[in-house]
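Sequences listed follow chains A and B, in order. When we follow the numbering used here, the leftmost residue of the first sequence carries the number 1, and every step to the right adds one. When we follow the numbering used here, the leftmost residue of the second sequence carries the number 1001, and every step to the right adds one.
Take these hints with a grain of salt, some might be off.
[As the list claims (entries may be wrong)] Chain B side only, calculated, beta carbon under 7 Å to chain A, not exhaustive:
no. : residue
1   : Pro1040
2   : Ser1043
3   : Leu1044
4   : Ile1093
5   : Gln1105
6   : Phe1107
7   : Pro1109
8   : Gly1110
Just so you know, the hints here were simulated from the structure itself, not pulled from any lab data. From a predicted model like this one, the values you see are computed outputs, not experimental measurements. Just so it is clear, CB atoms sit at the ideal spot from N, CA and C, and this is done for glycine as well.
If you want the building blocks of each chain, they are given just below.
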Amino acid sequence: GNSVTQMEGPVTLSEEAFLTINCTYTATGYPSLFWYVQYPGEGLQLLLKATKADDKGSNKGFEATYRKETTSFHLEKGSVQVSDSAVYFCALSGNTGNQFYFGTGTSLTVIP
Amino acid sequence: GAVVSQHPSRVICKSGTSVKIECRSLDFQATTMFWYRQFPKQSLMLMATSNEGSKATYEQGVEKDKFLINHASLTLSTLTVTSAHPEDSSFYICSAHDRGLLGTQYFGPGTRLLVL
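Isolated chain B (complex conformation) (with noise of 0.2 Å):
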C-alpha cells in the first residue's frame, strides 16, 4: 500500500524554540494532505488541510501563525510549530490523500513533540 513518512519520529526541543516535522508521500502524489494533532487516549483532530502550491485551510481555533505549514511540492508538506510552549507538546500525526483511490487517506507514523 501507499506509504507516508514523518520526519522527525521524536523530538524533544526547549521552550521558546521552532521545531519542523516533515511529511513525505513516498510512492504516490499528493495534491492534499492533512495535519492532525493527537493528544493522549483521544481522538485525531484535524488542524489544517495542506494544498500544494497554495495557503494552508485551518480549522476553527488552530492559530495559522503558530502552526505554519508549508506544500512545496506534490511529495512534501512540513508543519513548523513556531515559538514552542509546553502546551505545544503532542502526537502530530500527518495524512496524505491519494486521488488515485479516491477517498483514501494514508497516515504517517507521527512525531511525538516534547517541549520543556
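Looking at chain A on its own, in the form it has when it is part of the complex (with noise of 0.2 Å):
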C-alpha cells in the first residue's frame, strides 16, 4: 500500500541555518509527491511539488528532489528564516491524484 514516512521533529535551527527534513515513501505505481506547510493557526499550502522521477520541485528558496531509487524527497533549503517556522508535511497522490497520504508532520523551529 502507500505510506509516508517523515523525520520526527521538532527541529530547531539558528537563522541561515541549512534544513533538511527527510521523507521516504512507499507506492505502488507511480505516485506524485507534495511538501506542505502549516503556519500557526492556519491550514496548509502546497509549497512543492513533483510529479515523476528526478522531478525537482521549488519554491521559496525550498527543494526537494523525487527521488525513486531511495523512494525519497527529501526538504532542503539553503538559508533558513525566522518566517519558515511552521509544520511541514510531506505528502503522495496515488495514480487516480485523489487519494492523498500524508507523513506525521515536522515542526521546525527558527531562531534568530
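Bring the two chains, given one by one in their own frames, into a single complex with the hints.
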C-alpha cells in the first residue's frame, strides 16, 4: 500500500542554517509527491511538488527531488529564516490523483 | 494558485447542537473534495471523500450519521457535525482536487470547532 514516513521533530535551527527534513515513501505505481506547510492556526499550503522521478520541485528557496531509487523526497533549504517556522508535511498521491497520504509532520522552529 | 475557502473559520457551540462547515473552491471546479480532521500536533486524518452528485465515501471508523457530507455542486461541499460533543472538538480541513492540475489538492484554511 501507500505510506509516507517523515522525519520526526521538532527541529530547531538558527537563522541562516541549512535545513533538511527527510521523507521516504512506499507506493504502488507512480505517485506524485508533495510538501505542504502549515503555519500556526492555519490550513495547509502547497509548498512544492514533483510528479515524476528525478523531477525537482522548488519554491521560496525550498527544494525537493523525487528520487525513485531511494524512494525519497527530502526537503532542503540552504538558509532558513524565522518566517519559515511552521509544520511541514510530506505527502503522496496515487495514480488517480485523488487519495492523499500524509506524513506525520515535522515542526520547524527557527530562532534569530 | 487555486483557492479553497472554508466557513466559518471558528465556531463554538453547545453540546448536542449541530454545526455545518462549508468548503468552496473559488476558481475551479472540484468533482471531488476531501474532509480531514487534525488533532493538536498531529497529522491530518482523512475522514471522507465527497463526490459531487453522489454519496460520500467514509474512511473506516468515521460515523457517517455523525458527520454528514453533502456535495451539492462542483464548487461546494458541506460537513455537518450532528449532535456535537466535546470529543468532536478539533480542526477540520477540507481540500479540493483540481482536475486541471492532476494530483494537486488545494486545502482550505480550516475550521476550528470547540464544543462546550
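Hint check:
no.	hint	result
1	Pro1040	11 Å, violated
2	Ser1043	5 Å, holds
3	Leu1044	5 Å, holds
4	Ile1093	5 Å, holds
5	Gln1105	6 Å, holds
6	Phe1107	4 Å, holds
7	Pro1109	4 Å, holds
8	Gly1110	4 Å, holds
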